[in-house]
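Enquirer: Spelled out, the chains give:
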Amino acid sequence: MSMTDRLSSAPAQRRLPHGLIVARNILLFLMRAPTSLFGLIVLGLLITLAVFAPLIATHDPYVQNLQNTLQPPSAAHLFGTDELGRDIFSRLVAGSRITLSIIFLVTIVVGPLGLFFGTVAGYYGGKVDTVLMRITDIFLSFPSLILSLAFVAALGPSLNNAIIAISLTAWPPIARLARAETMTFRQADYIAAAKLQGASSARIIWRSIVPMCLPSVLIRLTLNMATVILTAAGLGFLGLGAQPPLPEWGAMIATGRRYMIDSWWLVTFPGLAILCVSLAFNLLGDGLRDALDPKQMNRR
Amino acid sequence: MDPILEVKNLSIRYHGAPEPAVRNVSFTLGRERLGIVGESGSGKSTVGRAIMRLIDSAEITADTMRFEDVDLLNAPEREMLKVRGKRMSMILQDPKFSLNPIQRCGHQIAEAYRTHVHCSKAEARAKAVEMLEQVHIRDPERVYDLYRHEVSGGMGQRVMIAMMLLTSPDLVIADEPTSALDVTVRLQVLRILDGLVKDKGIGLVMISHDLNLVRAFCDRVLIMYAGRLVETLDARDLNNAQHPYTRGLLAAQPRIGGSRAPLPVLNRQDSWLTPQAQGDAL
Amino acid sequence: MKSVTISDLCVSFGALQVLHDIQLEVAAGECFGLVGESGSGKSTILRCAAQLNQKWSGTVEIGGKSVRDMSVAERCRAMQMVFQDPYGSLHPRHSIRTTLEEGLRINGIGNRDARLAQAMRDVGLPVDFLDRYPHQLSGGQRQRVAIARALILEPDVLLLDEPTSALDVSVQAEVLNLLVRLQKEKGFTYLMVSHDLAVVDHMCDRFAIMQHGRVVEVLPREAITQGGATQPYAKELIAASLEYEHAV
Numbered sequence: 000m001s002m003t004d005r006l007s008s009a010p011a012q013r014r015l016p017h018g019l020i021v022a023r024n025i026l027l028f029l030m031r032a033p034t035s036l037f038g039l040i041v042l043g044l045l046i047t048l049a050v051f052a053p054l055i056a057t058h059d060p061y062v063q064n065l066q067n068t069l070q071p072p073s074a075a076h077l078f079g080t081d082e083l084g085r086d087i088f089s090r091l092v093a094g095s096r097i098t099l100s101i102i103f104l105v106t107i108v109v110g111p112l113g114l115f116f117g118t119v120a121g122y123y124g125g126k127v128d129t130v131l132m133r134i135t136d137i138f139l140s141f142p143s144l145i146l147s148l149a150f151v152a153a154l155g156p157s158l159n160n161a162i163i164a165i166s167l168t169a170w171p172p173i174a175r176l177a178r179a180e181t182m183t184f185r186q187a188d189y190i191a192a193a194k195l196q197g198a199s200s201a202r203i204i205w206r207s208i209v210p211m212c213l214p215s216v217l218i219r220l221t222l223n224m225a226t227v228i229l230t231a232a233g234l235g236f237l238g239l240g241a242q243p244p245l246p247e248w249g250a251m252i253a254t255g256r257r258y259m260i261d262s263w264w265l266v267t268f269p270g271l272a273i274l275c276v277s278l279a280f281n282l283l284g285d286g287l288r289d290a291l292d293p294k295q296m297n298r299r
Numbered sequence: 000m001d002p003i004l005e006v007k008n009l010s011i012r013y014h015g016a017p018e019p020a021v022r023n024v025s026f027t028l029g030r031e032r033l034g035i036v037g038e039s040g041s042g043k044s045t046v047g048r049a050i051m052r053l054i055d056s057a058e059i060t061a062d063t064m065r066f067e068d069v070d071l072l073n074a075p076e077r078e079m080l081k082v083r084g085k086r087m088s089m090i091l092q093d094p095k096f097s098l099n100p101i102q103r104c105g106h107q108i109a110e111a112y113r114t115h116v117h118c119s120k121a122e123a124r125a126k127a128v129e130m131l132e133q134v135h136i137r138d139p140e141r142v143y144d145l146y147r148h149e150v151s152g153g154m155g156q157r158v159m160i161a162m163m164l165l166t167s168p169d170l171v172i173a174d175e176p177t178s179a180l181d182v183t184v185r186l187q188v189l190r191i192l193d194g195l196v197k198d199k200g201i202g203l204v205m206i207s208h209d210l211n212l213v214r215a216f217c218d219r220v221l222i223m224y225a226g227r228l229v230e231t232l233d234a235r236d237l238n239n240a241q242h243p244y245t246r247g248l249l250a251a252q253p254r255i256g257g258s259r260a261p262l263p264v265l266n267r268q269d270s271w272l273t274p275q276a277q278g279d280a281l
Numbered sequence: 000m001k002s003v004t005i006s007d008l009c010v011s012f013g014a015l016q017v018l019h020d021i022q023l024e025v026a027a028g029e030c031f032g033l034v035g036e037s038g039s040g041k042s043t044i045l046r047c048a049a050q051l052n053q054k055w056s057g058t059v060e061i062g063g064k065s066v067r068d069m070s071v072a073e074r075c076r077a078m079q080m081v082f083q084d085p086y087g088s089l090h091p092r093h094s095i096r097t098t099l100e101e102g103l104r105i106n107g108i109g110n111r112d113a114r115l116a117q118a119m120r121d122v123g124l125p126v127d128f129l130d131r132y133p134h135q136l137s138g139g140q141r142q143r144v145a146i147a148r149a150l151i152l153e154p155d156v157l158l159l160d161e162p163t164s165a166l167d168v169s170v171q172a173e174v175l176n177l178l179v180r181l182q183k184e185k186g187f188t189y190l191m192v193s194h195d196l197a198v199v200d201h202m203c204d205r206f207a208i209m210q211h212g213r214v215v216e217v218l219p220r221e222a223i224t225q226g227g228a229t230q231p232y233a234k235e236l237i238a239a240s241l242e243y244e245h246a247v
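Protein sequence lines correspond, in order, to chains A, B and C. Numbering follows numbering that gives the first Met the number 0, in which position 289 of the first sequence is assigned residue number 288; successive positions increment by one, without gaps. Numbering follows numbering that gives the first Met the number 0, in which position 254 of the second sequence is assigned residue number 253; successive positions increment by one, without gaps. Numbering follows numbering that gives the first Met the number 0, in which position 34 of the third sequence is assigned residue number 33; successive positions increment by one, without gaps.
Don't take each hint at face value.
[Unchecked claim] Facing chain A, a subset of chain C residues (Cβ under 7 Å, in silico):
hint : residue
1    : Ala-49
2    : Leu-51
3    : Cys-75
4    : Gln-79
5    : Phe-82
6    : Leu-89
7    : Asn-106
Simulated from the structure, these hints should not be mistaken for laboratory data. In this text, a Cβ means the ideal position worked out from N, Cα and C, and glycines have one as well.
Next up, chain A with everything else stripped away, as it sits in the complex (with noise of 0.2 Å):
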């Protein structure tokens, strides 16, 4: 906000897109605070182990050895072996696939169909916002719990219903902020000159509308990546979600239960791995929120 029309000297041109000089700014942003930092770092650790889970891992997860099950943690076992002699080390490995998965799956979903039904409903106001928000309230007042209990019922437990039951229960909240954030950014002079310029309604949605929505959604998401993830281990606790052998972190916790008293490498490590990770995205929630505040453009 200079008062002159003479500007010192901003770079004419950058060669890169102007969104990755962006994605750049805030990568730098979020190592800069220490919080954000342990989230970075534990998500690049996630993403490191699920992709090169097989080279990392020191023995198969699935290969059981019951002359040797409930041993403690050891130079051969990192994370001691479960009560069926698998190593618990490459079965947390294995599993961050399975968590790295349900997080990108629900991601995909969530997002794009919160981000639709929010904008759409805020843009156009009137009877399409009330359908479209009471069909989001009626989604909105399940707890994932129960529908994913609904959902085993009339379809049997797996991962793949559970994720489903955690999506179709994660995207209202979404929906609601789109809308929230569509209805203020829909009265800006911007949305009125493209429409002078002949726009129809779904190009501005698609163009104006969800560029500026997208920081707040994407925060929701971080943060809520946390809820996804004990929720999916709550599942798996419960029996619901991934069923066994799959080494996801909550059905080992719910195995390991039996046994904890004596040998408590069964819960402990799976529960530090989601404790990690569920922090990691707080944390990380919370550095966006901060890079993406509007007041700190300018550091941008």
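Given the coordinates of chain A, assemble chains B and C onto it according to the supplied hints.
Expert: The following block gives chains B and C in isolation, referenced to the frame of chain A:
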């Protein structure tokens, strides 16, 4: 005239900013009306807020920044709390944003009074109503109970003036007090402010981007550009301004009855950024 | 060059009637001012003409054709609008190029690069600004981009909603000069809302004074300095502006 406000070489730099927002500004203020004029980014509002010690996120340095017996530069916040609102106050630009939307107007005035003077609620209310009358609000009892969104812009600004002048401060800083108002209301509000300032012998600093306003209303004028003070003169001498920036500003404004030729455009010179000899500022 | 005719324009927001039977006649190529205080309804007239607000009764004609009878494409080429706030009228996430190109893309107009370059030249901005983003421009530069956006579809009528009131005095001078030059070069019809009679005196041929949703009086520019107003409110408004301006 004994100066009530003395500022020498005031510089303000916001944390993380490459350039100072205000650079070596010096002036004194007696019981008179001083206008500070500049465009956006000139630092005029920053100076006002710095005097009130309302800026936390900036480094403020000065040789002197003194209000009567208070060293504004070094006084602890405890001491500033006793001064702010009581001996010096600030009128802000837009009552839509500066009045509390969920409190009744009169209540805000009374609250301002009770913060600095020990008295009962009834006394504060009476004082507030009296002050509303002084700002020419015809039905003070009724307006006392109104919310901000129920009053017009001009009335809201008069409420703000009432709130800020109730404690009879010695210094009032008015930051663009009439910019958000319609032209017919502007003159009304200015006359009220003028009357009160004269009656109570208040030193007024009027920050504005509007040269006409400042010419009519103030005794002396400071012109700021890019954080620097470029000229100081008496308001009535404004047409004879020497500095090219001031002359440029005067010429660039469309005038009623002026020619329809293209308006002369300001040609900014880097030489304006070097320190100038101050006029009769000090 | 096209004329603008507004007849019997009435607008209500819920129970409140905001515009009462507005009649305005703007000649082709004229610069017509709409003056009034806040709440007088002057900006609402522009929004109705631009079809940003569609709930109005009456007729608005451009070049003799009702805006309601125009297809979207026709309307885009008939009129465009420049908004008051330079910080709100450009999409913060779109580059200047994207902002200016939108209109061309939507209406399927070719030769885009040449038109973009020409539009930037018309408003006096360097062509390499096309790759900048709004936050990298000053208020005056943004307003020029907004004007370029309005020009790029080659409309006949420009609706100007207080185009310089949010700008500094020195920048305002540049933008006003630009608007005057463009009108001379391209023959636009301007319908300009302003609260500042000095700007109206500088640019407009005639102007209407509005109060409480009604047109109080339509006056030639000379009425400001030579006192041709007959209605009491019109006289009051002009007198207040003169007093303010001359600092009496």
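Enquirer: Now tell me if each hint is right for this structure.
Expert: Hints, verified against the model:
1. Ala-49: Holds: closest Cβ of chain A sits about 6 Å from Ala-49 of chain C, inside 7 Å.
2. Leu-51: holds (5 Å)
3. Cys-75: holds (4 Å)
4. Gln-79: Result: holds, 6 Å to nearest chain A Cβ.
5. Phe-82: For Phe-82 of chain C, the interface hint holds, since the closest Cβ of chain A sits about 4 Å away, which is under 7 Å.
6. Leu-89: Since chain A brings a Cβ to about 6 Å from Leu-89 of chain C, closer than 7 Å, the hint holds.
7. Asn-106: holds (6 Å)
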